[in-house]
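> Below are the chains, spelled out letter by letter.
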Amino acid sequence: MGLSIAVAVGVYGISFGALSVGSGLDVWQTCALSALMFTGGSQFAFIGVVAGQGTGAAAWAAATLLGIRNGVYGMQLKALIRPPGRLIPLMAQLTIDESTATATAQDDHDERVRGFWTAGVGVYVLWNASTLVGALVGNSIGDLSAWGLDGAAVAAFLGLLWPRLHGRDPVAIAVVAALATLLTLPLLPPGIPVLVAAAVTAGWWAWRRRAVVAP
Amino acid sequence: MTLWPWVLGACLAAYLIKLAGYLLPQSLLDRPVFHELAGALTVGLLASLTVMNAVGRGQSIALDSRLLALAAGAVALRLRAPYIVVVIVGGVAAAVGRRLGLP
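Protein sequence lines, in the order shown, are assigned to chains A and B.
Each residue of the first sequence is one higher than the one before, starting from 1 at the first, in this note's numbering.
Each residue of the second sequence is one higher than the one before, starting from 1 at the first, in this note's numbering.
Please note that the accuracy of each hint is not assured.
Selected chain A positions facing chain B (Cβ under 7 angstroms, derived; list incomplete) [what the hints assert, rightly or not]:
#	residue
1	39
2	60
3	95
4	118
5	128
6	178
Label pairs and their calculated CB-CB ranges [what the hints assert, rightly or not]:
#	chain 1	residue 1	chain 2	residue 2	range
7	A	90	B	78	37 to 43 angstroms
8	A	5	B	24	46 to 52 angstroms
9	A	104	B	4	32 to 38 angstroms
10	A	87	B	61	24 to 30 angstroms
11	A	202	B	24	15 to 21 angstroms
12	B	101	A	141	17 to 23 angstroms
Derived from the structure by calculation, the hints contain no laboratory data.
Backbone N, C-alpha and C define an ideal beta-carbon position, used for all residues, glycine too.
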């Protein structure tokens, strides 16, 4: 199981590196995102907005909104592991989908701690190494659209979205967000339609929630 | 490059959000609302980014070989292909489209 996760992280990192330089970031900026931001979804959001000629501010906002779930993970891990205060700054940086999932899947305390650190450190090393490889490969390819790199980016986002489309609510949210993006793309500056879609998503979610809670 | 401040600013924001989960009072964050909203935002943002990368071109809509990539990626996902295969299939579909003279 560890090996399959490692392979998945490796290829995901290579895709990110190549698509990032394709979107217009340089190799250093690409590596900075993986080393410092270290949360794949937000990194893809950042380069996705830049690729669509959006501003840095819009890229910042999209990446930050997508990172909110990491705050939820931090809270879960704190309750689960009760880490000593001095470790929290380091744990926070390693708090991502994979380390949280590994820790919460274990049954006793020591296993959870070991699971968190093994997955967190392992993914961190692999993710940064594969990002660099992808960025260097992407840099050497040349004309990226002739190689279909923009098409690869579309498939990459669809591949991130797909596993989350279980049940009616996520599908409805995806459709609403997609429509909001499509309608506002010609009207608003690049990058802003993604934020409109986020606002519409939050509004839709609040409305659905009220409809469910109040019979 | 002028992007640097935003790159570093986004990294800082990502870290502060992670840290906030550990440092903010449990009672503030320990509500299902946060889980649900974070989940909904993730789906909405990814759907929006998919559409923008598929048909957006600056401040306009352009229908081109990227639509082939979207369709091919969906077929690959339907067939339960692994992530990297989905990405490559999308790239190949767009490249083939351009070879055939599509925009």
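> Now tell me, hint by hint, if it's right for this structure.
Checked hints:
no. : hint                              : verdict
1   : 39                                : holds (6 angstroms)
2   : 60                                : holds (5 angstroms)
3   : 95                                : holds (5 angstroms)
4   : 118                               : violated (18 angstroms)
5   : 128                               : violated (13 angstroms)
6   : 178                               : holds (5 angstroms)
7   : A:90 / B:78: 37 to 43 angstroms   : holds (41 angstroms)
8   : A:5 / B:24: 46 to 52 angstroms    : violated (30 angstroms)
9   : A:104 / B:4: 32 to 38 angstroms   : holds (36 angstroms)
10  : A:87 / B:61: 24 to 30 angstroms   : violated (49 angstroms)
11  : A:202 / B:24: 15 to 21 angstroms  : holds (20 angstroms)
12  : B:101 / A:141: 17 to 23 angstroms : holds (21 angstroms)
Checked against the numbered hints listed earlier, the structure breaks hints 4, 5, 8 and 10; every other hint is satisfied.
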